[in-house]
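Asks: Go ahead and model the full structure; you've got the sequences and the hints to work with.
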Amino acid sequence: MHPEDLLIKIKKPVQEEIRGFESYFAKQLQSPVPLLGLILNRFARNKGKQIRPLVIFLTARMCGNITQKTYVAAAMVELLHIATLVHDDIVDEAYERRNQFSINALWKSKKAVLIGDYLLSRGLLVALENEAPELLQIIARAVSQMSEGELMQYSTSRKNEINIPSYFEVIRKKTASFFSASSECGAASATSDNNLIQKAATLGEWLGMIFQIKDDLFDYQIVNKSGKPSGNDLSNMKFTLPLLYAMEEAGMKKKSALLALARKSEKPLPVFINEFIALYHGFEDTGRKIEELGQQATAFLEDFPDNEARESFAGLIRYLISRSL
1 MHPEDLLIKI KKPVQEEIRG FESYFAKQLQ SPVPLLGLIL NRFARNKGKQ
51 IRPLVIFLTA RMCGNITQKT YVAAAMVELL HIATLVHDDI VDEAYERRNQ
101 FSINALWKSK KAVLIGDYLL SRGLLVALEN EAPELLQIIA RAVSQMSEGE
151 LMQYSTSRKN EINIPSYFEV IRKKTASFFS ASSECGAASA TSDNNLIQKA
201 ATLGEWLGMI FQIKDDLFDY QIVNKSGKPS GNDLSNMKFT LPLLYAMEEA
251 GMKKKSALLA LARKSEKPLP VFINEFIALY HGFEDTGRKI EELGQQATAF
301 LEDFPDNEAR ESFAGLIRYL ISRSL
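So the sequence shown is numbered by my numbering: it starts at 1 and just counts up by one.
Treat the hints as calculated values from the structure; they're not laboratory data. From the three backbone atoms N, C-alpha and C, an ideal C-beta is built for every residue, glycine too. Heads up, some of the hints might be wrong.
[What the hints assert, rightly or not] Straight-line alpha carbon distances no greater than 20 Å define the calculated DMTMM-like cross-link-like pairs of lysine to aspartate or glutamate that follow: (1) 214 to 285; (2) 214 to 275; (3) 199 to 308; (4) 47 to 16.
[Claimed, not checked] Now the in silico label distances, taken between C-beta atoms and shown as ranges: (5) 158 to 261: 15 to 23 Å; (6) 5 to 65: 27 to 35 Å; (7) 35 to 144: 15 to 23 Å; (8) 160 to 129: 45 to 53 Å; (9) 259 to 67: 49 to 57 Å; (10) 314 to 160: 36 to 44 Å; (11) 65 to 298: 23 to 31 Å; (12) 266 to 144: 43 to 51 Å; (13) 114 to 134: 23 to 31 Å.
Replies: Structure below.
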């Protein structure tokens with residue numbers, strides 16, 4: 001089944017709730033300030049696949065019943081997610097996202113920072129206005145870890161030694177923590193069973209690891225449709241898993257050895273790196289790691305109630321593994 005057809009099937013147990021969420025979320029993207037209203041409308045029109053809200057609704061349905069707090073959790077998470085994307089594009093000096101100009105490309109970094117801050121504050125307000133401090137605590141903890149992860153990535157990128165365990169710790173914090181929080185919020189909105197809520201957090205972490213590693217694979221594709229500039233991570237030499245695996249296979253323990261080899265090549269850097277990774281099986285090893293994580297996550301689903309939402313969650317795991325640009 002094509003990944004996008006699979007996604008439609010996955011949404012089936014919560015499709016009515018997702019439609020209701022889209023209407024609820026659109027109300028959160030309104031402002032009487034003309035410029036802000038214009039920019040927020042852009043987010044409303046270019047909403048993407050909204051994977052994290054889907055995780056929340058599926059987890060809630062899998063663990064119990066969808067409630068008003070499920071909608072609150074989904075809106076809060078999506079607002080904070082968009083805020084982090086805006087801030088990430090500023091930090092990375094990225095001028096494209098989803099094949100369109102990024103916010104900082106259109107309105108410059110100063111306005112983009114303020115827009116990101118506004119979205120962050122809106123996300124916090126949604127929780128407070130709906131008396132959901134327990135959800136806010138979960139998300140605040142995740143946002144803190146995301147910042148730690150970004151700073152860890154910056155710190156490790158300056159070191160010469162390659163370190164695969166550090167890579168996994170970085171993505172656990174900067175990406176998997178937010179997926180974990182999304183799943184935890186979904187469960188917390190539907191049940192008071194703390195054991196089930198914590199299991200949902202673990203399940204979400206696996207999803208986030210799969211999602212980020214797959215994204216890192218996309219970044220090595222020369223013809224890029226992911227909405228990020230082609231070769232962006234390569235130009236800045238972020239050493240993500242495909243390259244780290246290839247270097248390990250090649251017996252390279254220091255980044256400087258690879259950079260020295262790249263300088264001798266007449267090929268553009270992204271081309272050289274892609275060929276190096278392919279030669280030393282970095283893409284294959286990364287694909288196997290994604291499959292391994294997917295199998296672990298799918299097996300872990302057995303700890304949850306057996307229902308249609310659990311079946312869809314298994315489908316979501318398959319979708320995240322098989323999704324294409």
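Asks: Now tell me, hint by hint, if it's right for this structure.
Replies: Hint check:
1. 214 to 285: The hint holds at about 12 Å.
2. 214 to 275: 18 Å, holds
3. 199 to 308: Distance of about 18 Å is within 20 Å: holds.
4. 47 to 16: 17 Å, holds
5. 158 to 261: 15 to 23 Å: 20 Å, holds
6. 5 to 65: 27 to 35 Å: Holds, at about 28 Å.
7. 35 to 144: 15 to 23 Å: Given about 30 Å between the Cβ atoms, the range is violated.
8. 160 to 129: 45 to 53 Å: Check passed, 49 Å falls within 45 to 53 Å.
9. 259 to 67: 49 to 57 Å: The hint (49 to 57 Å, Cβ to Cβ) holds, given that residue 259 and residue 67 are roughly 53 Å apart.
10. 314 to 160: 36 to 44 Å: Holds - the Cβ-Cβ distance for residue 314 and residue 160, about 42 Å, lies within 36 to 44 Å.
11. 65 to 298: 23 to 31 Å: 24 Å, holds
12. 266 to 144: 43 to 51 Å: 45 Å, holds
13. 114 to 134: 23 to 31 Å: Given a distance of about 29 Å, which is inside 23 to 31 Å, the answer is holds.
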